[in-house]
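Those protein sequence lines, which keep their order, are chains A and B. Mapping the first sequence onto our numbering, position 35 (from 1) lands on 35, and the numbers just tick up by one. Mapping the second sequence onto our numbering, position 11 (from 1) lands on 11, and the numbers just tick up by one.
Treat each hint with caution, since some may be false.
A few chain B positions that, by computed beta-carbon distances, are all more than 12 Å from chain A [to be verified]:
1. I22
2. G76
3. A81
4. P91
5. I97
6. A110
7. E194
8. H226
Covered by chain A, according to a simulated footprint, are these stretches of chain B (three or more residues, beta-carbon under 8 Å) [claimed, not checked]:
9. 100-108
10. 156-162
Here's a subset of chain A near chain B, in silico, CB distances under 10 Å, partners left out [unchecked claim]:
11. Y3
12. P14
13. V15
14. S19
15. L26
16. A37
17. G38
18. L39
19. Y40
20. V46
21. Q52
22. P54
In short, the hints are calculated from the structure, not lab data. All values reported here derive from a predicted model rather than from experimental measurement. Ideal Cβ placement from N, Cα and C applies to all residues, glycine included.
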Amino acid sequence: MVYGVLRTADAVSPVPGGSVLASLVLFVLVYGIVFGAGLYYIAKLVRRGPDQTPPMPAAEEANPSRRPMAAAGNP
Amino acid sequence: MTAAVNMTDLLPIFLPLVWGAILALAVFLYVLLGGYDLGLGVLFPLAPTHDDRDAMMGSVSPFWDGNETWLVMGGGGLLAAFPLAYSVMLPALYIPIILMLIGLILRGVAFEFRFKAERHRWMWDTAFTFGSVLAALMQGVAMGAFVQGFTVADNKFAGGPFDWLTPFSVVTAIALVSGYVLLSAGWLIMKADEALRDWAYGVARYALIAVAVFILIFSLWTPLLHPEIAARWFKPANMVMLSPVPLATAATRCGSRSNAACAMRRSCSASSSSCCAIRGSR
């Protein structure tokens, strides 16, 4: 961790390797699911193509949502 | 020279108290705010109609991530101010904390995807409920295990990976979920209208009964678990000093039973916050 001062063996947490492995596998799994869902959604948007109708100012005001992905699917 | 009191001499006494208060505030606010949005995930599949589910989700979507920030502050503050406690608690609660984080990931992502999904909306509904229930249960388990105490040797956690799983911590988890459901029913009474609000009144009534029962159980179980707590609670002088807490809880509980719906709303939030205060103080 700090060369010659604090070795990794001294700094390691008292957590069994099995727990660490299980948590790593779980995180990879869950991230895979979330990432896959994101890819699926992007692919769906691309397949649908851009909306050709000009934007309506009133329609934008009608959607006060501030969710990060809220703008992605709206014309 | 007889300088009054040097400020730097006081810091070692003063700083831990200040940081203890900051962390207590962060945890209290998390239980209160994060509690109602996790509770909403528990209530979600039970809502009467599909539109109600949309309304429930919409009512928290601007707030939920702000609420979770208190948890980050609690964890970060613990590491910064009390690294020894952090280094014991985190390994001891490794599995529940990881499961809680997985739950929070699933429910947090569900907020974003659910509004976009069409055919797969049921998947995100499930993720929201599963994540919320998992996170709430694991927080309860962690709290129960914390009250029970950890095996420590040489300033390090020295127990097994499943020490946190005991009958006490399981009951704590269920109690915490019922507390969160009560908070969430109070939130819906405040935010929703008409049919959904009436439904929330019904939920609040049952949740209040459940929380009252759990308060009673823990008031008896905790002193049995720790003789030193029993000694502290039941010392005559302390009994007088501490009596306002259970008496106020009992009063709000009885008040809510006899009063009309309007008073119910107020007593609901009062008794759930006093319940949190009791939990926090343990």
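Hint check:
No beta-carbon of chain A is positioned within 12 Å of the beta-carbon of I22/B; the least distance is around 25 Å. The Cβ of G76/B lies farther than 12 Å from every Cβ of chain A, with a closest approach of about 17 Å, so its non-interface assignment holds. Non-interface call for A81/B relative to chain A: holds, since the shortest CB-CB distance, roughly 19 Å, exceeds 12 Å. With a minimum CB-CB distance of about 5 Å to chain A, P91/B fails to clear the 12 Å threshold, and the non-interface call is violated.
Listed as a non-interface residue, I97/B fails to keep its Cβ farther than 12 Å from every Cβ of chain A; the least gap is roughly 9 Å. Not every CB of chain A lies more than 12 Å from the CB of A110/B, the least distance being 10 Å, so the non-interface label is violated. With a least beta-carbon separation of about 22 Å from chain A, E194/B lies farther than 12 Å from that chain, consistent with its non-interface assignment. Every CB of chain A is more than 12 Å from the CB of H226/B (nearest about 24 Å), matching its label as outside the interface.
As drawn, the region 100-108 of chain B meets chain A at 3 residues by the rule of a beta-carbon pair under 8 Å; at three or more, the given contact holds. Counting residues of the region 156-162 of chain B whose CB falls under 8 Å from any CB of chain A gives 4; the rule of at least 3 is met. A cut of 10 Å between beta carbons decides the hint on Y3/A: the least distance to chain B is about 22 Å, and the hint is violated. This hint holds: P14/A has a C-beta 5 Å from the nearest C-beta of chain B, less than the 10 Å allowed.
Below 10 Å, beta-carbon pairs count as interface contacts, and V15/A has one with chain B at about 5 Å; its hint therefore holds. A hinted interface residue such as S19/A counts as satisfied when its beta carbon comes closer than 10 Å to some beta carbon of chain B; here the least separation is about 5 Å, so the hint holds. With a least beta-carbon distance of about 6 Å to chain B, the hint placing L26/A at the interface is held under the 10 Å criterion. The interface hint given for A37/A holds, since its Cβ lies 6 Å from the closest Cβ of chain B, which is under the 10 Å cut-off.
A cut of 10 Å between beta carbons decides the hint on G38/A: the least distance to chain B is about 8 Å, and the hint holds. At a threshold of 10 Å, the smallest CB-CB gap from L39/A to chain B is about 12 Å, leaving the interface hint violated. A hinted interface residue such as Y40/A counts as satisfied when its beta carbon comes closer than 10 Å to some beta carbon of chain B; here the least separation is about 8 Å, so the hint holds. The criterion of a C-beta within 10 Å of any C-beta in chain B is not met by V46/A, whose closest approach is roughly 14 Å, and the hint is violated.
Because the smallest distance between the Cβ of Q52/A and any Cβ of chain B comes to about 21 Å, over 10 Å, the interface hint for this residue is violated. Interface restraint check for P54/A: the shortest CB-CB distance to chain B comes to about 23 Å, outside 10 Å, so the restraint is violated.
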